[in-house]
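There are 4 protein chains.
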Amino acid sequence: MTQVQWQGVFPALTTKFTAADEIDWESMERHLEFQLDAGVHGLIILGSLGENSTLSAAEKLAMVKFFARAERRGLPLITTIAESSTRDAREFAVAAEEAGTDGFMLLPPMRYPSDRRETLTFLHDVAAVTSRPIMLYNNPIAYGTDLTPDDFARLADNPRFEAIKESAADTRRFPEIRRRVGDRFALFCGVDDIALECFAVGAVGWVAGLVVAFPRETVRIWELCQAGRIVEARELYDWFLPLLHLDIGPKFVQQIKLVEALMGVGSAKVRAPRLQLTEAEATRVEKILADALEQRPVV
Amino acid sequence: MTQVQWQGVFPALTTKFTAADEIDWESMERHLEFQLDAGVHGLIILGSLGENSTLSAAEKLAMVKFFARAERRGLPLITTIAESSTRDAREFAVAAEEAGTDGFMLLPPMRYPSDRRETLTFLHDVAAVTSRPIMLYNNPIAYGTDLTPDDFARLADNPRFEAIKESAADTRRFPEIRRRVGDRFALFCGVDDIALECFAVGAVGWVAGLVVAFPRETVRIWELCQAGRIVEARELYDWFLPLLHLDIGPKFVQQIKLVEALMGVGSAKVRAPRLQLTEAEATRVEKILADALEQRPVV
Amino acid sequence: MTQVQWQGVFPALTTKFTAADEIDWESMERHLEFQLDAGVHGLIILGSLGENSTLSAAEKLAMVKFFARAERRGLPLITTIAESSTRDAREFAVAAEEAGTDGFMLLPPMRYPSDRRETLTFLHDVAAVTSRPIMLYNNPIAYGTDLTPDDFARLADNPRFEAIKESAADTRRFPEIRRRVGDRFALFCGVDDIALECFAVGAVGWVAGLVVAFPRETVRIWELCQAGRIVEARELYDWFLPLLHLDIGPKFVQQIKLVEALMGVGSAKVRAPRLQLTEAEATRVEKILADALEQRPVV
Amino acid sequence: MTQVQWQGVFPALTTKFTAADEIDWESMERHLEFQLDAGVHGLIILGSLGENSTLSAAEKLAMVKFFARAERRGLPLITTIAESSTRDAREFAVAAEEAGTDGFMLLPPMRYPSDRRETLTFLHDVAAVTSRPIMLYNNPIAYGTDLTPDDFARLADNPRFEAIKESAADTRRFPEIRRRVGDRFALFCGVDDIALECFAVGAVGWVAGLVVAFPRETVRIWELCQAGRIVEARELYDWFLPLLHLDIGPKFVQQIKLVEALMGVGSAKVRAPRLQLTEAEATRVEKILADALEQRPVV
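Residue numbers (the numbering used here), protein chains in the order written: chain P, 1 to 299; chain W, 300 to 598; chain X, 599 to 897; chain L, 898 to 1196.
It is worth saying that the hints were derived from the structure and are not from the lab.
For clarity, every value in this text was computed on a predicted model and none was experimentally measured.
Just to be clear, a hint being listed does not mean it is correct.
Cβ-Cβ distance ranges computed for the label pairs, FRET-style [said to hold, decoys possible]:
{"hint": "1", "chain 1": "W", "residue 1": "ALA441", "chain 2": "X", "residue 2": "GLY780", "range": "27 to 37 Å"}
{"hint": "2", "chain 1": "P", "residue 1": "ALA290", "chain 2": "L", "residue 2": "ARG1013", "range": "40 to 50 Å"}
{"hint": "3", "chain 1": "X", "residue 1": "ASP836", "chain 2": "L", "residue 2": "ASP1012", "range": "23 to 33 Å"}
{"hint": "4", "chain 1": "L", "residue 1": "LEU1190", "chain 2": "P", "residue 2": "PRO140", "range": "31 to 41 Å"}
{"hint": "5", "chain 1": "L", "residue 1": "ARG1113", "chain 2": "P", "residue 2": "ALA227", "range": "25 to 35 Å"}
Using N, Cα and C, we set each Cβ at its ideal position, and we do this for glycine too.
Start from the sequences, fold in the hints, and give me the full structure.
If you want it as structure tokens, here you go:
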């Protein structure tokens, strides 16, 4: 296996639905083009933002196949695994690898607050059925289970695990992981509105949300930070922040999809039990977007 | 539709697995007999204690069919609905009704922290596809979403909703629901180790956990409380409490299944990502059980 | 030392202030009379409800002296110790004993989240300077530090500690303390709106809040529970509950003082940084009180 | 009033005690010299790290007088106000100004979880009695009350409030305050182990803890960040981090004082209810310090 070199901006793509609540492949295709043109560095499908929890196994596999066959200009395709049983997670990993995914983003078990022993067993058991590289995804706020720097140190022995998406919203995790295992893992920021801080303490990548509507700005911030041009990065970031905050909270899917719709690069349609935003909620998002567009810098 | 009369002790049955990780139907049958002999008043399948999150749709339906056909001596069969998408929840409700369930225990959406509007929409949308009575199940500690007394007041208009299993572990909920809608709902305690308190403030039923190993004691406590014999009830309850505490915490399934195994009425086998208890964890449970058996009162 | 026999209803008295923000002794005297006439069983001064944190050392001592000299018809006077430094707590204990208090209610250190070793050391160090009986007060919700049943088991060796006021709002604590040390401590409920549940699991006393405005009803509920007449108790308790809820939350002092004022047995005046309720907040309390008075049962 | 220009590293000084539990003035004097020699930019006394909650009013005033008279090479002396009653806070502010403090660090009320209206009233009421500039101190983790960016926007009208010490441990607060009121306030990081991130998002100062033992390193990190040399800053910061983590948690005072003692610049003595670290706790700190010293870079 060649060592993967994941870094940069990896959009967590939304799943577009038709009026009949089926996946809208045409819209997915247009969106892929839009992201590629902006210079993103990888693609993540079926994540939280992709409404993973409402997709059937068949739909998930269809997504993998679609992206695997699509022209991606060399970008890695990363497929999210978020399942409640070890059996389902393994079966999906095998099927997605066959369908052509380049790698995985792997979450701890859904719906069960597994302890350390159970969580690590689960992660190893899923990794065992694939030869693809895996980005471990830590999001204790949304999913309950917390992968600590100590856990990552233990997981470092498994060569499948190449990267970490850190969404604990605690920037201290980045230096703490590095202290334990150096540069063993490619560290990705997973929370849009603390990205600048994550880069300051050494993140090399950004699994981004608002990128789906504003890919150029997202990529530019990452580039400036990598170049050590933090003051310029902050200027752009400060402009972007009110939008980046929309990546936070239970309704981040609805909020980001509304921004996509308003920017003409997607639809606000979500799948139940999610409902579209109320008028008041939508108006707030529209206001934030309008304010941002008024002052949008040239990138 | 005749008004249902749910009250009393309703065991939340565990799902027994064979060594090959398939459902152990023979064991399920023996266990059903054991519960019926002890005088329980209803049967709940596929709950949290039944490892709902690791069962496939086909397995869940097979469970419903099995219990629907079983001799239940007139006891109502209640099937748990715990799904991530509205579509899956509705499809399962329809299939389970066809398969012969008498009613449902319905949870808010899994994996998505829906707001009030979304939660209520979900509950009504699922109720709309069935003619069976529904017990609403509130467990914000395990599942994040909280159904408040105000929410239940709004849900009172839907005649499908007959009962409430309250697992917020806040006994104040019982009088608060009654204050809003009187005796509109049959109120069930859903937390083993505050059952006595729940009966003190008016619960008429108990969706119980340790009942799977100690059904006679569980039924007796309920009977004494209904008869206003609180001091006698407390004596038995105090004896039972160290065991009832095993119904609490992330590993309540493993703990209760171990007690079943040690009592010869089930197996400790759980399905991954759950793992069986470590030796230290198991020893603690064994000690609690041994202490309880030493002082077991005659019921 | 004679064994104390604390049980029954112990009001946590409010501290009345004049327009000039001094203690209103006349009002305190009238209030004492009102409580005694209703048949309460003990008196607690300088508690949270007594605005302890805003009183100077001199004012606190003046309160002790006032109540020590007052005709109390044999009821025990219990003085709250809530200090930030061990030195201050000890000095106050010595002074209050000299001033004539019959006993103490003792909180863990204020403003410092002491660990178990520090908390127990503090409690023993304060107890060491007095010969009076002490009620330990556990309120992790308001004060951060939690005294667990295990802690109380360790504290049982110290003969100064006679009673426990449990305000963890977790009724499980009562049977758990009894399991460890039997009837070593007189157990008091410290949360008005779970009092009935506390009595169901064995509390023998009630450090009460709304009693300051409704002493007869409070005493009656306690008496009915002691007599095992739980159904009658629940009827009265259900009526009382909307008022008892006012004992909860950051503004319980303002809420209870407003009820006192509206009932003509006190004033709504609080000391800064507390401010009197806003109009909206006050209206809510007035409505709750009006509704309750409309249906007030004869006791 | 001249506009103050607070920025840079402001140590939160510990209070040194003698064996007889009195303030150790000689030790305070030596420590002041040590800090001045390292090039810090301001001095804060009587903070949380200074064991404010265990000092008497007389001791606090003696501290102010001592530092007011000391040779401080032009550095501003900032005195912490952390009181439970508005009256005490105002009286102390007046006395400390008379005693010669240059400014204040002001906390919301202690021991009472005031709401927004009460908190803002308290802060304005205290500010009203002094002509000195004030640094508002937000630490919801330790003290419960949270001053949000919206609150700071409201407080911007009061010219007394010059600076903010942000200890919410949420770096998002910095850009959010700037968005609302631009550079109205000098923004200080108040949490040692997220300092680098705070500077990345625009903090101009650091109310520091470990600085009391490592002032040169602390100052150097700040200087590098101000110069935009984030990569060099990160190298030094990564070395410092295990020590900086000692600024976190309930025992940060004991931990930092132990480091001071081991470095020969202070004593580990704390005042009760705080107890010195247990042997196990101390060993952990000693190990962290030994590891750091082994790799200590030349600054």
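A quick look at each hint next to the structure:
no.: 1; hint: W:ALA441 <-> X:GLY780: 27 to 37 Å; result: holds (34 Å)
no.: 2; hint: P:ALA290 <-> L:ARG1013: 40 to 50 Å; result: violated (28 Å)
no.: 3; hint: X:ASP836 <-> L:ASP1012: 23 to 33 Å; result: holds (30 Å)
no.: 4; hint: L:LEU1190 <-> P:PRO140: 31 to 41 Å; result: holds (34 Å)
no.: 5; hint: L:ARG1113 <-> P:ALA227: 25 to 35 Å; result: holds (29 Å)
Comparing the model with each numbered hint stated earlier shows that hint 2 is the single one that does not hold.
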